[in-house]
Amino acid sequence: MKNLFNIILLIIIALAGSSCQDGYLEEKVYSDLNTDGFFTSESDLSSALVGCYDALQADSYYGHSVLFLNDFPTEYMRGYWSNPMDVYTVTSALSDDVNQRDVSSLWQHTWTANNCCNMVINRATDIDMDEDVKTEIVAEARFLRALNRFNQVRFYGTNIPLIDSETTSLDDLDVEVSNSEALYASIIADFEFAEENLPSTSSNGTATSWAATAYLAKVYLKLAGYSEDPSTGEMVKGDNSNYAKAKIYLDKIIDQGPFGLMDKPIDVWGGQHNETEDNKEVIFAIKYETGGLDEGHAMTPRFAGKGNGWLAYTYKTLSTTWEFYNSFEDGDLRATNDMLKITYQDKNQNWKNDDYPHCWKYVSDYDSTFTNNWSATSGGDYGDDIVLVRYADILLMDSEVENQISGLSENSLSGINQVRLRAGVPAYTVGDVSAMTEINQETPGSDKEKLQELIIVERKKELMCEGHGWFDYVRNNILMREMSKYYEYGDFNVAENKKSNLYPIYIVDIGLNENLTQNWGW
Amino acid sequence: MKKNELWRRFSPSLKKILLMSKIIFGLLLVGLMQVSAAGFSQNTLDLRLHNVTITEVLSQIENESEYRFFYDNEQIDLSNKVSVDVSDKSINEVLDQLFKDSRISYEITGRRILLIAKRVKMLDNQSEKIKITGKVTDSSGESLPGVTIIIKGTTNGTVTDMDGNYSIPNITRNSILQFSFIGMTSQEIIVGNKSLINVKMVEDAIGLEEVVAVGYGTMKKSDLTGSVASVKSDELEQKSTVSIESALQGRVAGVQIKTTSASPGGSSSIVIRGGNSINSSIEPLYVVDGFPMDADEASLISPLDIKSIEILKDGASTSIYGSRGANGVVLITTKKGKIGQDPKITYAAYARFEKPYNTYDFVNAEEYATLIDEAQVNKGSEPYFTGTDPRYPIPSELGEGTDWFDELTRDGFAHNHQLSVTGGSEKSKYRFSGNYYSHDGVMIDDDFTRGSLSAAIDSKIKSWLTTGINLTGYKSERNIQSNVSYIYNMAPFIPVYDEDGNYNYNYFPDNVMGDESPLNYVNDRTNLSVSEKVNGSFYMEIEPVKGLKFKSTWGGYINNYENDQYLPTTTVTGAKTGGSAEISNASTNTFLNENILTYGKKLGDDHKFNLMAAYSRQYSTYQNTSLSGTGFTSDKYTYNNIDAAQVPGIPASNKTKWQLVSYLGRLNYNFKEKYLFSFTGRADGSSKFGSDNRWAFFPSGAFAWRASEEDFLKNIDALSSLKVRLSFGETGNSNIGLYQSQGILGSVGYIYGNSRQVGVSATRVANPDLKWETTKQYDAGFDLGLFDGKVYITSDVYLKKTTDLLLDVNINATSGYSSALKNVGALQNLGAEFSADVRIIDNKNFKWNATGNISFNRNKITKLDEGGDIVLSGGGDKDVEIILREGEPIGQFRGAAIAGIFNDEAEIKSYVNKDGEMYQPSAKPGDIKFKDTDNDGTLTGDDWEILGDSNPDFIYSLNSSMTYKNFSLDLFFNGVYGNDIFNVVKYHSIETDNPRYTMSKEVLDRWTPENIDGSYPRMGSSDRLYAVEDGSYIKLSNVKLNYKIPGRLFNLLENVNIYLSAQNVFTITDYSGFDPDINTVGDSSVNFGTDSNGYPNPRTYTVGFNITF
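As given, the protein sequences belong to chains A and B, one line each in that order.
The letter at position 260 of the first sequence is residue 260 when you use this note's numbering, and the numbering goes up by one with no holes.
The letter at position 173 of the second sequence is residue 173 when you use this note's numbering, and the numbering goes up by one with no holes.
By construction, these hints were calculated from the structure, which means they are not laboratory data.
C-beta atoms are modelled at their ideal positions from N, C-alpha and C, and glycine is treated no differently.
Wrong hints could be hidden among the right ones.
Incomplete in silico selection of chain A near chain B, CB under 10 Å [unchecked claim]:
| id | residue |
| --- | --- |
| 1 | 40 |
| 2 | 109 |
| 3 | 167 |
| 4 | 193 |
| 5 | 197 |
| 6 | 206 |
| 7 | 235 |
| 8 | 342 |
| 9 | 506 |
Listed below are the simulated BS3-like cross-link pairs for lysine-lysine, each with C-alpha atoms no more than 27 Å apart in a straight line [stated by the list, open to error]:
| id | chain 1 | residue 1 | chain 2 | residue 2 |
| --- | --- | --- | --- | --- |
| 10 | A | 352 | B | 379 |
| 11 | B | 307 | B | 335 |
| 12 | B | 847 | B | 135 |
| 13 | A | 28 | B | 822 |
DEER-style ranges, computed between Cβ atoms [as the list claims (entries may be wrong)]:
| id | chain 1 | residue 1 | chain 2 | residue 2 | range |
| --- | --- | --- | --- | --- | --- |
| 14 | B | 793 | A | 26 | 20 to 26 Å |
| 15 | A | 26 | B | 636 | 48 to 54 Å |
| 16 | B | 631 | A | 203 | 29 to 35 Å |
| 17 | A | 437 | B | 746 | 56 to 62 Å |
| 18 | B | 648 | A | 182 | 49 to 55 Å |
| 19 | B | 943 | A | 26 | 48 to 54 Å |
The following block holds chain A by itself, in its conformation from the complex (with noise of 0.2 Å):
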């Protein structure tokens, strides 16, 4: 008995005093990795960096935010839910609510994405792998993290703060706001150092150093171009001599490049989706897969047209104007229900005249999986890619600079024209263009004003809907002459409603970080 007792009380001390409790306590993670001891190999850092191209593929950033945020605030993209004046286009581009949606998803978003770019670059140092391999795989982080940087100060301008190590912890959050000659510092470094360190190929659609060729050439031409202070709001004309720098550039992708135009506008994305990723027009893509993967987009049935059923009312659709429709030359086959669809297929089949044209970007799957996949994964797994740089636009932009640079000619014309003659209109010529009077309702008067303007016609006829617009405009100063022009048939005032060429920076970000003011305007 006692001697039972005895066992019995050892047994509890025992356990109650066993030295292993915290072990035991200890919280064993089985189907996430901690962050904690994961980076020790080369196939850790580059699983790292698939969540850096994730980031980019999210719903909220290039997954439409981009685009919407781009493209709402022109004259070719609308959505219709009950009337033309659609509530996106007024709440995403000029509306008070500076939490609004797309807006301040983005935000999170690029700093999530940053984040991400940051960790792969910070952990690399001390993983044990071979150095060419690491290299590589942190340039593509500092290609990426350059485009989110890019992409933050074109949006939300330059009274930023410029973040380059990973957040591990809680405190020490509020961190100091950066400036304009940093930031693009830094971006161009990062760029640099991709162009430099990355391959000129990649079989599997990841970042290369043509990519960061063509993002550098962006770069210097919106230096050149105006940005706004964001605590003023007043737009500054960036240094001339960066056209000059984006000239290098361009030219070095024109003439040693592997790219050149597709035969018709179409073939960009394909008749299927996986004709999209490889083909010679694309510099730089988000890659998207239908199938169920989690990796689709959804896109696709926004801008399908009106359709039938539960997917269409959710998402009703974006279409863009007739104005904008009937502003296309005759037989330019970016129209012509070609690009801008003005019918749509029912549930039946059959082909019926839509309310208004939308844009056929996008929409290659459409046709065969539109009714296959709505039900299994809620409307949005489609897979054509969302392309960020292709050479029509370099063609273009190489105008644009060419044109900034020594004015009209025939070296100006050169970019525009083979977008125009692959598009099936004819060329300009320098009598031609020296001969307009009113391009875009507008009268410019050198003809270098006239050539820029037929630029900016030719970027969003040939650009529309991939997320150039408000880039354009603002690198231009014309965003609030162009958003005049195209809201003043809806009941919206534009100038009454005048706001700046930045968008808000995110609420709860100021209200939680003293360092950081909100853009002028807002």
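Take the given structure of chain A and dock chain B to it, following the hints.
Chain B only, in chain A's frame:
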């Protein structure tokens, strides 16, 4: 009764104490058996034994009757040989004869007979010896046989005879007589110069002597210092219900139980003393026979297997459960066998018939078509119902159309069977039971079946060693195809079948059913959930020294859940995918080890201590997998052959685990039976907490004063008992998700080439400071018994302050993370509870008992992160929000402030701000007029106002039980007052703009040029009214008429009860939904006022019986 060897080991001085505790134990045992006085007084004996030992006579008596003998081997010699020849004699007569010439006397207490050695009394020269006689009666004057009368300080005494008479010879005048009887309050009377002492015994104040479960032990109810409510099996069985929660509804003050789903196998949510969390679950902790588990796991227990449910409410009672106690604790004790009880077989069964009631009133086809076309015309679109398309005839040709509610509902039916065997030998007790329940719900193709088997065996292997095992297995199957939303998603003009007799698809454009006909969908789809649980535990308890017990329990449960779905090609949606199948499996494995040491000690007469110390560890792993595929060559495979899918889906799996280690202890100190103190402490180490906060300590203290034991109150006749209680306790809520404190890399993918490359992405930043939510609860209350226990009142006031609320707060998005779970925020619940139990009439043939309770709770958020409001979706539609704001309660609805409907153009024009500008220049007559609440001249989101509050002002219930001879009638009312409910069905059915749903008949009273005073906006108006409605109600939720067939039937059936009952008899409410007793969201404190497609709660009629063999 065999010799008790252990007795010899103790000194004589201890024996007395032990004897007393045996008596008390015996009394308790008998009390628990709830044997009525009539039961044993009628027993007579027939004995014919020759030349046998007294021991053998006694065991013969034990065999033939329910009497059991208790005696001390050392003092009582039963080896004498005797002969007995009696027939039809009472026990007293038999024993008198048996012990006539021996030195043994006896006392009968209920079934228990104590044998006492007669002592040779020292003559007390100073006291005169007299003889006392008298009669003992109960409060109604009926004579009371079997009352034990003991001369205080001695073991001498007697028992009243059949007529309640007694006599005690040779007693001194300074003696004190103690009268005691089970279920009655003991009385002490000084003999003095009386020679006739008649005593009227009164019933105990209700339940004072009953034993209730408290955390890690049991306690006499009278010794409780905290607020613990106990519900016994007879109350649980009153309402023939399948779920514990629904049986508990209204039974306990301060506990609000709302139906989450009235569907078969549906559940309820329990909120004890107000919700004290925002982000975490507010479900209480369930502890079944000592095994902590969550509501879902406890829900499969058949109410007929439950002996009692205790609800721990105040901080002092719940604190023993530490980091899991903040929402209160529900202790469930299942039925067990009894030592020495003959086997008893009980079969209980009922059948229940269900009918939907309080249904919505939707428009018929003609009205629908008229309204839709009116909306089309008002919006400038073409009308649909022109007759050009045969599917859209002109409204007047449509008539009534299809009543989709009728099509999708039916009369429900349920039946339940329970068979149990209980019994025990001298050293072992056992109970086995099996239960089967089957329920076809009122929605079509919606049913539930459940089966369970359980066994509990306890055995006293040695005098100091008891061991036992508990095993329960459950299996349930739920077949659910219907969704309440289908009843309003279909337009009434669409016929069920097309002209070929096939299901019509939903051809009305823009519908939310995705072209699907609900009938087709419901009938053809498979969606089956199977749940299998096994719960088992084993314990050993040793008692090395009297009063010191050590119990070690080892147990675990395995919970497997499977869901199988198949959508065949015969449905519209299934046709698109070529059939889609999905199987998902989840399993939870929990292990628990508990080691409890208890020690009770009495020092002198005045000091009583009880100590408990325990150590426990628990872990739980969870694992799930799912498989899916689409495109099947044949629908015949259903979900049984996923590899036959042409397009396989991505398989998924997940595994998690948590661990908890605890040290806990409790000290009870009882001074003079008047002052009761209780202290507890628990240290919890949980893997869920951040590494810097891994351990938490939760203390409590409580004090109770039995004021009625004080001399100055003892003389107040009306007062039979009064206890005042004060307590404080700290508890935690660790219902946080797992891994919340860790920096986590989630799995993501990106397309490389044409294939998916899987990678990682940081989804959460580490927060090693993360900890539990802490609730400090202060409680003051009293338990009052009046008029000989005829009235018993319990009341408590409490204040619960919860701090360190876990909120997912915004953090700087520049960090790469936009939110993080942090311990910020605080809230409080202040409340009062009142319950009363009154024996209105209590005589032999007619008894009437009423109990009632009412409770008030005021909930307030005292702090949020950075003071900002938190706005959440209203659960049904984004137009109604739930707002969390400092200084205001949780669960408030917010929406645009509506002033009314514009009657005409003039009203729109005259609705201007102070600058003379029209507020709503684009409005048309019949549109909604919005209020400029903040008077800033414009209508913005700032003008939104609170539409309602889900928190009731008070909840109450009333139960009446009447027994007349063998009939009894129970009525149970419960109610809620002052809360609001967001009615999602109504909200959708009053939409006038884009009517994808059918419409409420009320919409017929919309604005039209002819009806400018209409209460709904014009058809086609994009604004709509909210459906936040008053949820107050009072309901007759149960009526039960029971008939107990008198006597034994066929000499075989010991006890037969048959009953008829009805539930949901009527509800008085302004709420327009099926039932205001609804909380479709479940265990969240945030949107517990949302009725999102709540299942129609049917009116039911039950017929049932219980038989005991």
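Taking the hints in turn, this is what the structure says about them:
{"no.": "1", "hint": "40", "in the structure": "13 Å, violated"}
{"no.": "2", "hint": "109", "in the structure": "9 Å, holds"}
{"no.": "3", "hint": "167", "in the structure": "4 Å, holds"}
{"no.": "4", "hint": "193", "in the structure": "21 Å, violated"}
{"no.": "5", "hint": "197", "in the structure": "19 Å, violated"}
{"no.": "6", "hint": "206", "in the structure": "7 Å, holds"}
{"no.": "7", "hint": "235", "in the structure": "26 Å, violated"}
{"no.": "8", "hint": "342", "in the structure": "20 Å, violated"}
{"no.": "9", "hint": "506", "in the structure": "6 Å, holds"}
{"no.": "10", "hint": "A:352 to B:379", "in the structure": "22 Å, holds"}
{"no.": "11", "hint": "B:307 to B:335", "in the structure": "5 Å, holds"}
{"no.": "12", "hint": "B:847 to B:135", "in the structure": "24 Å, holds"}
{"no.": "13", "hint": "A:28 to B:822", "in the structure": "21 Å, holds"}
{"no.": "14", "hint": "B:793 to A:26: 20 to 26 Å", "in the structure": "51 Å, violated"}
{"no.": "15", "hint": "A:26 to B:636: 48 to 54 Å", "in the structure": "49 Å, holds"}
{"no.": "16", "hint": "B:631 to A:203: 29 to 35 Å", "in the structure": "31 Å, holds"}
{"no.": "17", "hint": "A:437 to B:746: 56 to 62 Å", "in the structure": "59 Å, holds"}
{"no.": "18", "hint": "B:648 to A:182: 49 to 55 Å", "in the structure": "50 Å, holds"}
{"no.": "19", "hint": "B:943 to A:26: 48 to 54 Å", "in the structure": "52 Å, holds"}
This entry does not satisfy hints 1, 4, 5, 7, 8, 14, going by the numbered hints stated previously.
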